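Generate the whole structure from the sequences, applying the supplied hints.
Keeping their order, the protein sequence lines are chains A and B. Everything in the first sequence is counted per full-length UniProt numbering, starting at 1 for the first residue and increasing by one. Everything in the second sequence is counted per full-length UniProt numbering, starting at 1 for the first residue and increasing by one.
If you are wondering where the hints come from, they were derived from the structure by calculation, not from laboratory data. One should not assume that every hint holds.
[Unchecked claim] The calculated lysine-lysine pairs, modelled on PhoX-like cross-linking and capped at a C-alpha distance of 25 Å, are:
| no. | chain 1 | residue 1 | chain 2 | residue 2 |
| --- | --- | --- | --- | --- |
| 1 | B | Lys56 | A | Lys144 |
| 2 | B | Lys137 | A | Lys124 |
| 3 | A | Lys146 | A | Lys86 |
| 4 | A | Lys86 | B | Lys66 |
| 5 | B | Lys56 | A | Lys137 |
| 6 | B | Lys86 | A | Lys124 |
| 7 | B | Lys124 | A | Lys56 |
| 8 | B | Lys86 | A | Lys86 |
| 9 | B | Lys64 | B | Lys50 |
| 10 | B | Lys137 | B | Lys108 |
| 11 | A | Lys137 | B | Lys44 |
| 12 | A | Lys108 | B | Lys66 |
| 13 | B | Lys108 | A | Lys137 |
| 14 | A | Lys50 | B | Lys188 |
| 15 | B | Lys44 | B | Lys209 |
| 16 | B | Lys50 | A | Lys50 |
| 17 | B | Lys44 | A | Lys56 |
| 18 | B | Lys86 | A | Lys108 |
| 19 | A | Lys137 | B | Lys66 |
| 20 | B | Lys127 | A | Lys57 |
| 21 | B | Lys146 | B | Lys108 |
| 22 | A | Lys146 | B | Lys124 |
Quick caveat: nothing in here was measured; it's all calculated off a predicted structure.
Protein chains: 2
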Amino acid sequence: MAAEQEEGLKLLGVRASPFSHRVQLALKLKGVQHEYLQENLENKSQLLLKYNPIYKKVPVLLHKEKPIIESLVIIEYIDETWDGYKILPHEPYRRALARFWAIFIAEKCMYTIWTTAWTFDEEKREKGTEEVSEILKTLENELKDKLFFGGDALGFVDIVGVFLAFWFPILHQVLGLPQLVVIENFPKLYDWSQRLLDLNVVKETLPPKEDVFAAFSANLQRSNNATK
Amino acid sequence: MAAEQEEGLKLLGVRASPFSHRVQLALKLKGVQHEYLQENLENKSQLLLKYNPIYKKVPVLLHKEKPIIESLVIIEYIDETWDGYKILPHEPYRRALARFWAIFIAEKCMYTIWTTAWTFDEEKREKGTEEVSEILKTLENELKDKLFFGGDALGFVDIVGVFLAFWFPILHQVLGLPQLVVIENFPKLYDWSQRLLDLNVVKETLPPKEDVFAAFSANLQRSNNATK
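Below you can see the structure in the form of structure tokens.
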């Protein structure tokens with residue numbers, strides 16, 4: 001993967017964010033160099049407010065001064081704009097499946113994990129835990145004996161799935177989620193997660209574990225203070 | 001548009017549903033004939049449970065006995081599988097914009113309208129109404145002086161936007177939403193909505209107004225009973 005120079009390509013992101021990471025990983029897979037601009041969400045830059053006035057969120061990819069927003073939309077844009085590594089499969093049915101599972105992880109799975117993790121209402125947490133367990137079972141069944149969701153190589157679904165391999169165990173550590181939903185309970189999913197974390201492209205783009213741990217801990221502290 | 005015969009192409013849908021309609025409209029634009037199977041959500045068919053075990057929802061497109069799920073994913077699949085009418089633009093940046101706005105309408109806009117319409121908590125409704133008004137302003141600004149969101153012809157965003165042209169005014173009628181968010185208050189959006197409803201492909205695929213009115217009224221009746 002020869003790094004391709006791309007004049008004026010900028011990524012507005014937050015290092016500890018799984019949403020920003022997806023885009024960094026997609027750019028790395030394509031070998032496209034870019035300027036990375038770290039955002040402070042407590043004090044958003046003029047650039048972020050100008051280019052994403054609707055959501056005011058990261059990631060934003062700026063290419064030839066035109067903004068691309070929403071991480072899944074950005075990944076498809078990267079795949080269609082630069083040659084090299086193929087992130088989405090070529091065949092329409094396999095593309096549809098990749099989109100379906102990417103959305104499943106990005107929305108249903110992450111949303112359920114997130115809301116379950118950050119609720120301190122016992123009943124809701126119990127119900128959420130069951131749902132998370134069902135979702136992980138569904139992913140385990142979908143993965144079957146494939147090396148990656150994308151088949152033999154990392155693809156669209158795996159890029160989104162890095163959340164499960166990296167962020168999810170840290171969330172567990174910080175919040176003490178029930179054992180039921182530890183990723184180790186899902187052997188295929190667990191092996192896949194280790195395979196993901198072993199890839200150099202993934203290693204080189206992930207934020208330091210301590211930063212994510214610190215971000216979740218600060219969030220926990222804030223929510224403890226809010227409920228006191 | 002010559003109708004193309006497509007052996008074994010089936011659509012599982014619900015006639016009054018805007019999600020099913022999107023797919024019918026996309027197939028109509030391509031001139032692809034299919035068998036339409038009406039689902040009863042109170043008593044789901046074995047076919048629906050078999051092919052969409054995760055969500056158990058419509059629409060499901062069955063092509064060569066393989067299911068495609070999630071309306072936006074289905075539309076992209078249709079666009080990539082059949083020649084003829086181009087639903088998404090070819091150029092990557094314009095494709096990214098189309099995806100962004102389609103998601104904006106399908107998720108943020110419809111979700112906010114729906115939850116605002118069906119809440120009977122006055123404070124929440126007031127806040128929701130303001131949000132809906134902001135969203136419609138955003139769409140008005142995006143539309144500018146274009147005939148369609150897709151430019152001179154109906155595209156991905158417009159297909160999803162039929163909800164605003166057809167379902168939204170009926171929702172207004174049934175639930176008496178505040179005047180603030182009547183589509184007539186947004187002149188460009190209103191003209192666009194009339195332009196959409198005037199197209200034969202749209203007319204020929206829309207369900208009868210009375211059916212949607214009846215479905216919303218039944219929903220209102222159920223929610224009135226539930227809160228009594």
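(request) Verify the proposed pairing of Lys44(B) with Lys56(A), using a straight-line Cα cut of 25 Å. (result) Roughly 41 Å between the alpha carbons, so the hint for Lys44(B) and Lys56(A) is violated.
(request) Would you check the hint for Lys56(B) and Lys137(A), treating anything up to 25 Å between C-alpha atoms as holding? (result) holds (17 Å)
(request) Measure nothing beyond the straight line between the CA atoms of Lys137(A) and Lys44(B); if it is 25 Å or shorter, mark the hint as holding. (result) Between Lys137(A) and Lys44(B) the Cα gap is close to 23 Å, so the pair holds against 25 Å.
(message) Lys137(B) and Lys124(A) were given as a pair; does the straight-line alpha-carbon distance stay at or below 25 Å?
(response) Given pair Lys137(B), Lys124(A) is violated - Cα atoms ~36 Å apart, limit 25 Å.
(request) Below or equal to 25 Å on CA atoms is what counts here, so check Lys56(B) against Lys144(A). (result) holds (22 Å)
(request) Given the hint that Lys137(A) pairs with Lys66(B), test it: the Cα-Cα distance must not exceed 25 Å. (result) holds (22 Å)
(request) Would you mind confirming whether the straight-line C-alpha gap from Lys44(B) to Lys209(B) stays at or under 25 Å? (result) Measuring from Cα to Cα gives roughly 24 Å; hence the hint holds.
(request) For the pair supplied as a hint, Lys86(B) and Lys124(A), confirm whether the alpha-carbon distance does not exceed 25 Å. (result) violated (45 Å)
(request) Would you mind confirming whether the straight-line C-alpha gap from Lys64(B) to Lys50(B) stays at or under 25 Å? (result) Within the cut-off at roughly 15 Å; holds.
(request) Take the C-alpha atoms of Lys86(B) and Lys86(A), compute the straight-line distance between them, and say whether it is at most 25 Å. (result) With Cα atoms ~23 Å apart, Lys86(B) and Lys86(A) stay inside 25 Å; holds.
(message) Holds or violated: Lys146(B) and Lys108(B), Cα atoms, limit 25 Å.
(response) OK: Lys146(B) and Lys108(B) at ~22 Å, within 25 Å.
(request) Starting from Lys86(A), check that the Cα of Lys66(B) is at most 25 Å away, please. (result) holds (23 Å)
When each numbered hint is compared with the structure, violations occur for hints 2, 6, 13, 16, 17, 18 and 22.
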